[in-house]
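Undergrad: Build the full structure now, drawing on both the sequences and the hints.
Sequence lines, in order, name chains A and B. The opening residue of the first sequence carries number 0 in numbering that gives the first Met the number 0; numbering runs sequentially from there. The opening residue of the second sequence carries number 0 in numbering that gives the first Met the number 0; numbering runs sequentially from there.
Read the hints as simulated data drawn from the structure, not as lab findings. Source: prediction; values computed, not measured. Ideal Cβ placement from N, Cα and C applies to all residues, glycine included. Certain hints may be false.
Derived, one-sided and incomplete: chain B residues facing chain A with beta-carbon distance under 8 Å [unchecked claim]: (1) Ala75; (2) Thr128; (3) Asn241; (4) Ser278.
Far from chain B, some chain A residues (derived; all Cβ distances over 10 Å) [stated by the list, open to error]: (5) Trp7; (6) Ala171; (7) Thr214.
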Amino acid sequence: MNIKLKIWRQENPKAKGKFMDYSLEDVSPEMSFLEMLDALNTKLIINGDNPVAYEHDCREGICGCCSLYINGHPHGKGERTTTCELHMRSFTDGETIVVEPWRAKAFPVIKDLIVDRNAFDKIMAAGGFISVNTGSAQDSNAILVNKEHADEAFDSASCIGCGACVAACKNASAMLFVSAKISQFALLEQGKIEGMQRVQKMVSKMDELGFGNCTNTYACEAECPKGIKVTNIARMNRQFIAAKVGSQKQD
Amino acid sequence: MTKLDAKIPEGPLAEKWSKYKASMNLVNPANKKKLDIILVGTGLAGSAAAASLGELGYNVKVFCFQDTPRRAHSVAAQGGINAAKNYKNDGDSTYRLFYDMIKGGDYRAREANVYRAAEVSNETIDQLTAQGVPFARDYGGTLDNRSFGGVQVSRTFYAKGQTGQQCLLGAYSGLCRQINKGTVKMYSRREMLDLVLVDGKARGIIARNLVTGEIERHSAHAVILATGGYGTVYYLSTLAVNSNGSAAWAAYKKGAFWGNPSFIQIHPSSVPVLNDYQSKLTLMSESLRNDGRVWVPKKKGDKRPANDIPEEERDYYLERRYPAYGNLVPRDVGSRAAKERCDAGYGVGDTGLSVNLDFKDAIAKQGEKAIENKYGNLFEMYEKITGINPYKEPMRIYPAGHYTMGGLWVDYNLMTTIPGLFAIGEANFSDHGANRLGASSLMQCSGDGYFIIPNTITNYLADQIRIPRFDTNTEDFEKAEKAAKERIDKLLSVNGKQTVKSFHKRLGLILWDYCGMARNEEGLKKGMKLIDELEKEFWNDVKVPGIADELNQELEKAVRVADFFEIGKLMIIDALNRNESCGAHFREESQTEGGEAKRNDEKYSYVAAWEYKGSDQKPELHKEDLKYKYVEVKVRDYK
Numbered sequence: 000m001n002i003k004l005k006i007w008r009q010e011n012p013k014a015k016g017k018f019m020d021y022s023l024e025d026v027s028p029e030m031s032f033l034e035m036l037d038a039l040n041t042k043l044i045i046n047g048d049n050p051v052a053y054e055h056d057c058r059e060g061i062c063g064c065c066s067l068y069i070n071g072h073p074h075g076k077g078e079r080t081t082t083c084e085l086h087m088r089s090f091t092d093g094e095t096i097v098v099e100p101w102r103a104k105a106f107p108v109i110k111d112l113i114v115d116r117n118a119f120d121k122i123m124a125a126g127g128f129i130s131v132n133t134g135s136a137q138d139s140n141a142i143l144v145n146k147e148h149a150d151e152a153f154d155s156a157s158c159i160g161c162g163a164c165v166a167a168c169k170n171a172s173a174m175l176f177v178s179a180k181i182s183q184f185a186l187l188e189q190g191k192i193e194g195m196q197r198v199q200k201m202v203s204k205m206d207e208l209g210f211g212n213c214t215n216t217y218a219c220e221a222e223c224p225k226g227i228k229v230t231n232i233a234r235m236n237r238q239f240i241a242a243k244v245g246s247q248k249q250d
Numbered sequence: 000m001t002k003l004d005a006k007i008p009e010g011p012l013a014e015k016w017s018k019y020k021a022s023m024n025l026v027n028p029a030n031k032k033k034l035d036i037i038l039v040g041t042g043l044a045g046s047a048a049a050a051s052l053g054e055l056g057y058n059v060k061v062f063c064f065q066d067t068p069r070r071a072h073s074v075a076a077q078g079g080i081n082a083a084k085n086y087k088n089d090g091d092s093t094y095r096l097f098y099d100m101i102k103g104g105d106y107r108a109r110e111a112n113v114y115r116a117a118e119v120s121n122e123t124i125d126q127l128t129a130q131g132v133p134f135a136r137d138y139g140g141t142l143d144n145r146s147f148g149g150v151q152v153s154r155t156f157y158a159k160g161q162t163g164q165q166c167l168l169g170a171y172s173g174l175c176r177q178i179n180k181g182t183v184k185m186y187s188r189r190e191m192l193d194l195v196l197v198d199g200k201a202r203g204i205i206a207r208n209l210v211t212g213e214i215e216r217h218s219a220h221a222v223i224l225a226t227g228g229y230g231t232v233y234y235l236s237t238l239a240v241n242s243n244g245s246a247a248w249a250a251y252k253k254g255a256f257w258g259n260p261s262f263i264q265i266h267p268s269s270v271p272v273l274n275d276y277q278s279k280l281t282l283m284s285e286s287l288r289n290d291g292r293v294w295v296p297k298k299k300g301d302k303r304p305a306n307d308i309p310e311e312e313r314d315y316y317l318e319r320r321y322p323a324y325g326n327l328v329p330r331d332v333g334s335r336a337a338k339e340r341c342d343a344g345y346g347v348g349d350t351g352l353s354v355n356l357d358f359k360d361a362i363a364k365q366g367e368k369a370i371e372n373k374y375g376n377l378f379e380m381y382e383k384i385t386g387i388n389p390y391k392e393p394m395r396i397y398p399a400g401h402y403t404m405g406g407l408w409v410d411y412n413l414m415t416t417i418p419g420l421f422a423i424g425e426a427n428f429s430d431h432g433a434n435r436l437g438a439s440s441l442m443q444c445s446g447d448g449y450f451i452i453p454n455t456i457t458n459y460l461a462d463q464i465r466i467p468r469f470d471t472n473t474e475d476f477e478k479a480e481k482a483a484k485e486r487i488d489k490l491l492s493v494n495g496k497q498t499v500k501s502f503h504k505r506l507g508l509i510l511w512d513y514c515g516m517a518r519n520e521e522g523l524k525k526g527m528k529l530i531d532e533l534e535k536e537f538w539n540d541v542k543v544p545g546i547a548d549e550l551n552q553e554l555e556k557a558v559r560v561a562d563f564f565e566i567g568k569l570m571i572i573d574a575l576n577r578n579e580s581c582g583a584h585f586r587e588e589s590q591t592e593g594g595e596a597k598r599n600d601e602k603y604s605y606v607a608a609w610e611y612k613g614s615d616q617k618p619e620l621h622k623e624d625l626k627y628k629y630v631e632v633k634v635r636d637y638k
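TA: Below, the structure written as structure tokens:
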């Protein structure tokens, strides 16, 4: 198949970016989206042009590197799919595909399609951990966790930190990312002890870094490649209110 | 020949590590913050070490090439992490885990290190659990286990098919906590280009800031490499496409010996090569072989769809050849068996280069829901790539380059032959001999990072407390920086016609054909010649666009591929030298009548440690003799 591409090109963080048009022939439907971009880059390099910069690593949907906004959707239109798992069979011959970086104040563009997601690390450093030094852990089976809670904690923990939730949200809110981590720890016995401090620290760091508020559009859940649920946000809000009013009640 | 001293503590095997800890040198808490440690790589070993060293009070500078430490390739380990907890009451113990690893590695690993890895495995699981890793649990709230290849107990802890991601996130959260406390400073988007030695000791690195292109100098009292394996030397592998061997290779060229470079694990179950532009082979976890059965048609070239082939016309060749272990044979055995069937003309799929992994029986017995609970995300992944639903049709799998048992040679302290340079996790050669057993990689990485390196580096640093911080404005740093810049300029100035990727792909094919699952003298020599020619072509005709002082992904790749040529040649030199078959290293000249690997203990019961002697010289071989006091060396038998 043949396709047309409109790709955001921006030389550096300070440069003004713009869309550039490209066309690519002989695209196989079996190619992944990134393999298609590889082919485009090969063509650009051979022709003496600069290749498109985009982030990628594991190419199996787990590292969270890839971060392309394709035809108006983070990671493209597929359900529960990262960009690297998206295949060209989802597009049609002759289609024009628009590719942009994540757009959010807290994720400035570094070059072309690469953005700086360091804000997520900062939120994690503010409180996204259980304070346990190496060597001080007790036997694993001394901490019993109800299987349902353990499974639910796993579901929350499966967030890959790609930032699609922020890119999908009209307010560029990071609530889904933050609440997934809060929930994971809130559901596990070992995480409950510092739950009240954690939620306050992470939420205030999130606000400080320029992420927007949640206005319940649920776009984040719809676009999350790992199916992280908005019920995490509800749990975080309950915890946050409880922490604010000084109650010790946790769920 | 230099005598290699592995510095193994005296005393009985089971007491070595506790005696070491009881008698090692210490650094008092107030002095720790005066000592700088550079740590490169933030996978499970690196992140665990960074967190633990920060907790101890050292001043730690951590580097990774990704945008955040959490994306390191440990994230992709699927099936699980081993520990000798014996929660299943099935006869497991530290000794049993040690024994399985020694046997699994085909008697080519060092006893003392392997025993210690088994010994700290239990603490490691406790540590990860305490950090909030959501391991699978049973209804009573206790942790669950499953089985992996090459063993007869259930000792593998898991978090669905994302155990590596969950373990790494646990260690990363500990690392974040130390960043917050100020004990760890994080330098992400940095690639280490060279190691800097001062008076023969590792004292710093040269790194490239991948955003600005700036070349930076960083100094420390000691350097730890946790930079992973070099499996991407094959181009197509199960590794992340940016994984590379360059940091460890820079250390090799500065004098660190490289152990067993040709020992590379080819994992039996990956999604097969489907087309020419494929950039990556995705692993399908070994855990799937708990319930999946491997088969090919009994009839040569049988092209019927798998579900149309009746039971009596299927050859469950692993169950047939290895009744004791069946589908759960170790990886080297499983890979060779698949290759044997495909080479003989029984392979399935368009290319004939794949075998079936069938869940029909398991689904009939346990129900689709139970299978989904165990492997749901793997099934989903498979369907996304191939468009085939594995609940309805067997998966098609084929072996792929996966894990490097070889790596920087280290002693019992995990220190390389360069004083002050340590290597942990997959970057070292230490624990897996000639073949790694499933779920022991996460185990080794977390053990090295959490429990071993914090002790052994303290022992090393104890006499350095009076040495002030190092100035980077010296001749040693100047020289290393200049060499790194010259190499980059050289790559940019070739301005040829072919892309870096096209060279990497061709190099990968040569190594896959001649130094892959099966090797022989003629092929290895041919491979060497082909790589030499290709390397020359690379330096004359590669096209690296852009400039040095910018974010330049092609330049990053070019630096890595330039090193892969050299790494590939060292692999071949090592494979040629070792004229025996052991574990993943299968020399066709050395096999039994039944086609199993045939060791030659008399001649080759040693670790081959190679010393760099200059770009146009053959490296020098040093041998570390392997002595087995606590296991009987036998023919490895899974029948």
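Undergrad: Hint by hint, note whether the structure agrees.
TA: Going through the hints against the structure:
{"no.": "1", "hint": "Ala75", "result": "5 Å, holds"}
{"no.": "2", "hint": "Thr128", "result": "4 Å, holds"}
{"no.": "3", "hint": "Asn241", "result": "5 Å, holds"}
{"no.": "4", "hint": "Ser278", "result": "5 Å, holds"}
{"no.": "5", "hint": "Trp7", "result": "15 Å, holds"}
{"no.": "6", "hint": "Ala171", "result": "18 Å, holds"}
{"no.": "7", "hint": "Thr214", "result": "27 Å, holds"}
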